[in-house]
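**Student:** I would like the entire structure built from these sequences, with the hints used as guidance.
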Amino acid sequence: MNRRTILLLSSVLVVGIAVAYFMMPRASTRPDPTFAERLNAGLGSVVTAPANQSTAEQAVEAFNGWIKVRSGIVITSTSLDTLVSYSEQVAAGTRAKVSENQIKSALKAAFADVVDDLTDQDLAVLRDRLKVSPDLTQANTPPGWDPAVDIRADGRSVSLATWDANAAEFRNGTSPQAIAWRLLAASYLESEVDSRVDLYTAALAEWEGQTSFTPLQAVAVYYSIVTEDYGGGANSNMNAYMERVATQWYPSQGIYGITVGNRSAYGANGFLYRSAPDYFMSNSALSLFLTRLYQ
Numbered sequence: 001m002n003r004r005t006i007l008l009l010s011s012v013l014v015v016g017i018a019v020a021y022f023m024m025p026r027a028s029t030r031p032d033p034t035f036a037e038r039l040n041a042g043l044g045s046v047v048t049a050p051a052n053q054s055t056a057e058q059a060v061e062a063f064n065g066w067i068k069v070r071s072g073i074v075i076t077s078t079s080l081d082t083l084v085s086y087s088e089q090v091a092a093g094t095r096a097k098v099s100e101n102q103i104k105s106a107l108k109a110a111f112a113d114v115v116d117d118l119t120d121q122d123l124a125v126l127r128d129r130l131k132v133s134p135d136l137t138q139a140n141t142p143p144g145w146d147p148a149v150d151i152r153a154d155g156r157s158v159s160l161a162t163w164d165a166n167a168a169e170f171r172n173g174t175s176p177q178a179i180a181w182r183l184l185a186a187s188y189l190e191s192e193v194d195s196r197v198d199l200y201t202a203a204l205a206e207w208e209g210q211t212s213f214t215p216l217q218a219v220a221v222y223y224s225i226v227t228e229d230y231g232g233g234a235n236s237n238m239n240a241y242m243e244r245v246a247t248q249w250y251p252s253q254g255i256y257g258i259t260v261g262n263r264s265a266y267g268a269n270g271f272l273y274r275s276a277p278d279y280f281m282s283n284s285a286l287s288l289f290l291t292r293l294y295q
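Numbering (my numbering), first residue to last: 1 to 295.
Computed beta-carbon distance windows for the label pairs:
id	residue 1	residue 2	range
1	191	169	20 to 26 Å
2	211	253	41 to 47 Å
3	169	253	31 to 37 Å
4	99	287	16 to 22 Å
5	116	65	30 to 36 Å
6	211	240	35 to 41 Å
Hints are computed from structural coordinates only; laboratory data are not their basis. Here the structure is a predicted model, which is why all the values come from computation and not from measurement. Here a beta-carbon is modelled for each residue, glycine too, at the ideal position from N, C-alpha and C.
**Tutor:** Here's what the structure looks like:
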């Protein structure tokens, strides 16, 4: 398996699966003014440093409510309590902020822990989430579109045959090549953190010039990588945007009959991107991420 295929498989597992036919533009680390404006209206409006200990819980709850609307994710009370406690301590000056390297280490630890525990059934669930789109059927797709092959993650594709042949071995992580794949996956995850931090420090005033980050900012980076939600756009505009995609963008590609329904933009059944937060933002995964931030 070549490096490109390994990175694709790794990105499928951790980042989530972009809907194969939806050409969502990738964010640049030097955002244009329009994107920076959308980012400030979205992520920048909720991920702010608590002014003091008393506002830490409010800041965490605001973020939790924000991601629930966008992705259906609800952070468990256990992880919320830990995040609030860390945030209060940082605001009080009794706990340090975290470096970019600490975020990378925590992300890699959480990723490895989740992958280690994936069952064969979990791998099948993830595979089917890639293969089957609730929006497309043979009747309303352009000729030649093959959901069994044309799978996108981060704008790239990997065949189902590649998944079937290698996912379990990657999960097991015991063979020499699986160990090599895991090392490459770790490198890929580090680059994902780099891209988010570069983007946010360039576009968001509160992040500008930072070399250390609050626990809430670290969780925001983690959430973004898991869901492929960079945080652009206010939640109040999200439904209207998805409706425009359904009624204007899809028809322009020769695809008709698409409806948004009651789906969120991101998450396990996301309209814009489908991902695996049920695995990578579970209570155990997020708790491990938070714990490893300070180890």
